[in-house]
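Chain by chain, the residues:
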Amino acid sequence: MSVVLSVRDVVKTFGDVRAVDGISFTVQRGTITGLLGRNGAGKTTTIRMITGVFFPHAGSIEWLGSERDARDRIGYLPEERGLYRQMKVKEHLLFLAEIKGRRGSDVVQSAERWLKRFELWDKRDAKVEELSKGNQQKVQLIGTLLHDPDLIILDEPQSGLDPVNMLLVRNLLRELKEEGRTILLSTHMMAEAERMADDIILVHKGKVVLSGAIDAVRDSFGKNTLHIDYEGDGAFLEQLPQVKRAMIVNNAAELSLVEGADPQGILEATIGRLRIRRFELAAPSLEEIFIEQVGAETMESIR
Amino acid sequence: MNKMFAVIKREYLQAVRKKMFIFMTIFFPVLMAALFIVPGLMVAKGLGGKKVAVIDGTGKLQSAFAHHLEPAVPDPKKALSGGNRGQLPQSIDVEYRDAHDQANLDAAKKPYLDRLYVDRKSTIGLDAVLVIPANAFEGSDARLTFYGRSSTDPFTQERLASVTNRAIQRQRLTGRGIDSSDVDTLTREVPLDSVQLSRSGQQKKGGEANLIIGFIFAALLIIPSFIYGLETMRGIVQEKSERIVEVLISSMSPRELLTGKILGVAAVGLTQVAVWLTLIAAVGTFFATTAMMAGFDISQFLRPMVFVYFALFFILGYLTFVCIYAIAGAACNTDKEAQQLVAPIQMVMMLPWFIMFAIITNPDSTLSVALSMMPVYGPITMFVRTLVSEPPVWHVLVSIAVSLATICVFFYATAKIFRVGILSYGKRPTIPELWRWMKVA
Numbered sequence: 000m001s002v003v004l005s006v007r008d009v010v011k012t013f014g015d016v017r018a019v020d021g022i023s024f025t026v027q028r029g030t031i032t033g034l035l036g037r038n039g040a041g042k043t044t045t046i047r048m049i050t051g052v053f054f055p056h057a058g059s060i061e062w063l064g065s066e067r068d069a070r071d072r073i074g075y076l077p078e079e080r081g082l083y084r085q086m087k088v089k090e091h092l093l094f095l096a097e098i099k100g101r102r103g104s105d106v107v108q109s110a111e112r113w114l115k116r117f118e119l120w121d122k123r124d125a126k127v128e129e130l131s132k133g134n135q136q137k138v139q140l141i142g143t144l145l146h147d148p149d150l151i152i153l154d155e156p157q158s159g160l161d162p163v164n165m166l167l168v169r170n171l172l173r174e175l176k177e178e179g180r181t182i183l184l185s186t187h188m189m190a191e192a193e194r195m196a197d198d199i200i201l202v203h204k205g206k207v208v209l210s211g212a213i214d215a216v217r218d219s220f221g222k223n224t225l226h227i228d229y230e231g232d233g234a235f236l237e238q239l240p241q242v243k244r245a246m247i248v249n250n251a252a253e254l255s256l257v258e259g260a261d262p263q264g265i266l267e268a269t270i271g272r273l274r275i276r277r278f279e280l281a282a283p284s285l286e287e288i289f290i291e292q293v294g295a296e297t298m299e300s301i302r
Numbered sequence: 000m001n002k003m004f005a006v007i008k009r010e011y012l013q014a015v016r017k018k019m020f021i022f023m024t025i026f027f028p029v030l031m032a033a034l035f036i037v038p039g040l041m042v043a044k045g046l047g048g049k050k051v052a053v054i055d056g057t058g059k060l061q062s063a064f065a066h067h068l069e070p071a072v073p074d075p076k077k078a079l080s081g082g083n084r085g086q087l088p089q090s091i092d093v094e095y096r097d098a099h100d101q102a103n104l105d106a107a108k109k110p111y112l113d114r115l116y117v118d119r120k121s122t123i124g125l126d127a128v129l130v131i132p133a134n135a136f137e138g139s140d141a142r143l144t145f146y147g148r149s150s151t152d153p154f155t156q157e158r159l160a161s162v163t164n165r166a167i168q169r170q171r172l173t174g175r176g177i178d179s180s181d182v183d184t185l186t187r188e189v190p191l192d193s194v195q196l197s198r199s200g201q202q203k204k205g206g207e208a209n210l211i212i213g214f215i216f217a218a219l220l221i222i223p224s225f226i227y228g229l230e231t232m233r234g235i236v237q238e239k240s241e242r243i244v245e246v247l248i249s250s251m252s253p254r255e256l257l258t259g260k261i262l263g264v265a266a267v268g269l270t271q272v273a274v275w276l277t278l279i280a281a282v283g284t285f286f287a288t289t290a291m292m293a294g295f296d297i298s299q300f301l302r303p304m305v306f307v308y309f310a311l312f313f314i315l316g317y318l319t320f321v322c323i324y325a326i327a328g329a330a331c332n333t334d335k336e337a338q339q340l341v342a343p344i345q346m347v348m349m350l351p352w353f354i355m356f357a358i359i360t361n362p363d364s365t366l367s368v369a370l371s372m373m374p375v376y377g378p379i380t381m382f383v384r385t386l387v388s389e390p391p392v393w394h395v396l397v398s399i400a401v402s403l404a405t406i407c408v409f410f411y412a413t414a415k416i417f418r419v420g421i422l423s424y425g426k427r428p429t430i431p432e433l434w435r436w437m438k439v440a
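Residue numbers (numbering that gives the first Met the number 0), protein chains in the order written: chain A, 0 to 302; chain B, 0 to 440.
These are calculated hints, taken from the structure and not from any lab test.
Small disclaimer: the values here were computed from a predicted structure and weren't measured.
From the three backbone atoms N, C-alpha and C, an ideal C-beta is built for every residue, glycine too.
The reader is advised that the hints may include incorrect statements.
A few chain B residues that don't get close to chain A, going by computed Cβ distances all over 10 Å [said to hold, decoys possible]:
| # | residue |
| --- | --- |
| 1 | Ala-5 |
| 2 | Phe-22 |
| 3 | Arg-114 |
| 4 | Asp-140 |
| 5 | Thr-184 |
| 6 | Phe-214 |
| 7 | Glu-238 |
| 8 | Glu-241 |
| 9 | Leu-247 |
| 10 | Leu-269 |
| 11 | Leu-276 |
| 12 | Ala-342 |
| 13 | Pro-343 |
| 14 | His-394 |
Straight-line C-alpha distance at most 30 Å; calculated DSS-like pairs for lysine-lysine [stated by the list, open to error]:
| # | chain 1 | residue 1 | chain 2 | residue 2 |
| --- | --- | --- | --- | --- |
| 15 | B | Lys-109 | A | Lys-126 |
| 16 | A | Lys-126 | B | Lys-18 |
| 17 | A | Lys-87 | B | Lys-17 |
| 18 | A | Lys-132 | B | Lys-50 |
| 19 | A | Lys-126 | B | Lys-50 |
| 20 | A | Lys-126 | B | Lys-59 |
| 21 | A | Lys-132 | B | Lys-109 |
| 22 | B | Lys-59 | A | Lys-132 |
| 23 | A | Lys-115 | A | Lys-126 |
| 24 | A | Lys-89 | B | Lys-18 |
| 25 | A | Lys-115 | B | Lys-8 |
| 26 | B | Lys-2 | A | Lys-87 |
| 27 | A | Lys-89 | B | Lys-8 |
| 28 | A | Lys-126 | B | Lys-8 |
| 29 | A | Lys-132 | B | Lys-17 |
| 30 | B | Lys-18 | A | Lys-176 |
| 31 | B | Lys-59 | A | Lys-122 |
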């Protein structure tokens, strides 16, 4: 696999605040890389340095494998919407391609192909503001693809979307990946990243706290997490001596076990109190790992 | 370069397709003309039919007020162009009351004054009461008194004062044994025409037409700058609030973006001016003949140089204003904040408009000359000067040079503030903060 983008020790300060404090990572061609962290962790600042909006105070951002102008290699989808409401859909798409240096009949055909594929053909002459939020998101996404970018950067692509549209975006990302495109996905939704990403970069307070291939990251934390689905009142699970930390939501518990604890003891404790539907020892979820890394008190404010 | 062109194209097409542009281009000149000319005509037309009671303490002026006072000048246009408001076409119904046998005029006028409060449409309603004291002929301190519901009726006042005075003078003269037919000849007034001489020796008969045309052109020059300036500001605020700017800035440099935007907006302004000048030229030539018959010599304003100057000073003023609004847009996150930031600046920018009267009436005064060579104020003041007077060529050149320099400086500052401000989503910066942004960027 070849590296598309290499970010090395970048620093960005705003006044006294070190928003990004020596972040390094690489993005491999044909993968989805998840840039994870809380709001304010430094994700957007990092992205803005990559897109050339900010200059880093230190460190380097290197584009590899092409002589194209770095700005034209990026397809950037900002958080929420980044479209002119008054413009017509197709016209807007052509404008987005043009500011990336692409125009002419190739782009027009490509835009038309995408519009048909995303079932927006009927809406090509509608104003952006007349479209539903999900459709606007689709238009925005086409806009990031038309100029054939080397790297698609998506900042919180699912924020503010309903479950149906979230699913839509998720499927789109999968399709794009299957086409061999490279995606940098910034999000604070751990579950989403877990579903989508090949590699993750976990950022906290401007620093990378964890990075690597997602499976490797999870395996490195061992199988010390117990997933239990049940019927009954499971509040007592949190109090068990083997449990270090618990997340209990709607008859499903995710328990982090203390070192060396035997899950069998927990199963025994549930007998007669809960009706067990699932009992699984697994690697921790990204959310668990995140808590492990940045502290539980931080997690409270995320949820 | 191509990216900048994409921005210019987008800005231009989006703007000219808006209803606002069509409205401004087609209806605005008509509206402006209507705004200045119609009130004049309405004043003229609406003056008719005043009901006035005259309480004559001398008892000798009945003949002067015996009949309905017909308009002195029947044609309103002629009256306006003559510049003599006293001659406006106004008819007055006089109710004459001989009060020379009344010891107390106050008692005599009382019932009439009460009638001022009655609805003027009823038969006993009155618009005004004129009281002529008993000593009007002899007393050196005698004064006529005019009672009205509103004190702002100078036309009726002037008219009554002049009628009364003429009648008194007449009787004084006939009292000295002068034949009444001679009195008319002796007291005949000579009307005044104002003629303006330009350096080229051209004669202009302006009067109030000068003022009206000056205001119309000044409005055409300045108002679009404010409107499109505001549009530009809103556009930038919208780009910020909807994060479009991040997409733009990830594709081109802020300077390319700003240059594209301003050139796009400038193209919109030029299109508008081109349409206006064509309209004015077409309509102007058509109406010039009609207008001239009414006493307006419009053709004197339709010199080719006026068109050149208009286009030139329009674009200079326009770009200056657009830069100022672009700064406000880049600095703020909401329309409301931006409006608050520009409101005081706008007042300062409007200065020439507020003193337009002084500039038009004294186009070569120190004030006018100074303003015409100042940044921001230069374009509009200089244009008005070229319209109503003929300033020396070097004045015009200095003004153009100052404006160009101003635009360059503003553009430079805007580009710097734009660089910082366009991505800041915090609270609205103060002016010192803006200054700091300019230095750090």
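Each hint, compared with the structure:
1. A beta-carbon of chain A is positioned within 10 Å of the beta-carbon of Ala-5/B; the least distance is around 4 Å.
2. At roughly 16 Å from the closest C-beta of chain A, the C-beta of Phe-22/B stays outside 10 Å, upholding its exclusion from the interface.
3. Every CB of chain A is more than 10 Å from the CB of Arg-114/B (nearest about 61 Å), matching its label as outside the interface.
4. For Asp-140/B, the non-interface assignment is confirmed: its Cβ lies about 72 Å from the closest Cβ of chain A, beyond the 10 Å cut-off.
5. For Thr-184/B, the condition that its CB be more than 10 Å from all CB atoms of chain A holds, with the nearest at approximately 73 Å.
6. Interface exclusion of Phe-214/B from chain A stands, the closest Cβ pair being 34 Å apart, more than 10 Å.
7. Annotated as non-interface, Glu-238/B brings its C-beta within 10 Å of a C-beta of chain A; the closest such distance is 8 Å.
8. Not every Cβ of chain A is farther than 10 Å from the Cβ of Glu-241/B; the closest lies at roughly 6 Å, contradicting the non-interface assignment.
9. At roughly 7 Å from the closest C-beta of chain A, the C-beta of Leu-247/B falls inside 10 Å, breaking its exclusion from the interface.
10. Distance to chain A confirms Leu-269/B as a non-interface residue, since its nearest Cβ pair spans about 22 Å, more than 10 Å.
11. With a least CB separation of 29 Å from chain A, Leu-276/B remains clear of the 10 Å interface cut-off, as annotated.
12. Once the 10 Å rule is applied to beta carbons, Ala-342/B is consistent with being away from chain A; the minimum gap is 26 Å.
13. Look at Pro-343/B: its CB is around 28 Å from the nearest CB on chain A, clear of 10 Å, so calling it non-interface holds up.
14. The beta carbon of His-394/B sits about 43 Å from the closest Cβ of chain A, which is more than 10 Å, so the claim that it is off the interface holds.
15. With a C-alpha separation of about 71 Å, the suggested pairing of Lys-109/B with Lys-126/A is violated against the 30 Å cut-off.
16. Between Lys-126/A and Lys-18/B the alpha-carbon distance is near 15 Å, which keeps this suggested pair within the 30 Å criterion.
17. For the hint pairing Lys-87/A with Lys-17/B, the CA-to-CA distance comes to about 13 Å; that is within 30 Å, so the pair holds.
18. Taking the CA atoms of Lys-132/A and Lys-50/B, the gap is about 68 Å. The hint is violated against a cut of 30 Å.
19. Restraint check for Lys-126/A and Lys-50/B: not satisfied, since their Cα atoms lie roughly 61 Å apart, outside the 30 Å limit.
20. Of the supplied pair hints, the one linking Lys-126/A and Lys-59/B is violated, its CA atoms being roughly 80 Å apart against a limit of 30 Å.
21. Annotation: proposed proximity of Lys-132/A to Lys-109/B is violated, straight-line Cα distance about 76 Å (limit 30 Å).
22. Among the hinted pairs, Lys-59/B with Lys-132/A is inconsistent with the structure: their alpha-carbon atoms are about 87 Å apart, more than 30 Å.
23. Our distance criterion of 30 Å between C-alpha atoms is met by Lys-115/A and Lys-126/A, whose separation comes to about 17 Å.
24. Proximity of Lys-89/A to Lys-18/B is assessed by CA-CA distance (about 21 Å); at most 30 Å being required, the pair is judged to hold.
25. A C-alpha spacing of about 26 Å is found between Lys-115/A and Lys-8/B, which places the hinted pair at or below 30 Å, so the restraint holds.
26. A threshold of 30 Å between alpha carbons decides the hint, and for Lys-2/B with Lys-87/A the separation of about 19 Å falls inside it, so the pair holds.
27. Straight-line distance between C-alpha atoms of Lys-89/A and Lys-8/B comes to about 15 Å, which keeps the hinted pair within the 30 Å bound.
28. Between Lys-126/A and Lys-8/B, the direct Cα distance comes to roughly 18 Å. Compliance with the 30 Å bound is thereby established for this hinted pair.
29. With a CA separation close to 24 Å, the supplied pair Lys-132/A and Lys-17/B stays within the 30 Å bound.
30. Under the criterion of a C-alpha separation no larger than 30 Å, the hint pairing Lys-18/B with Lys-176/A is inconsistent with the structure, at around 44 Å.
31. Simply put, Lys-59/B and Lys-122/A have alpha-carbon atoms about 87 Å apart, too far for the 30 Å limit, and the pair is violated.
In terms of the numbered hints stated before, the structure departs from hints 1, 7, 8, 9, 15, 18, 19, 20, 21, 22, 30, 31, listed from lowest to highest.
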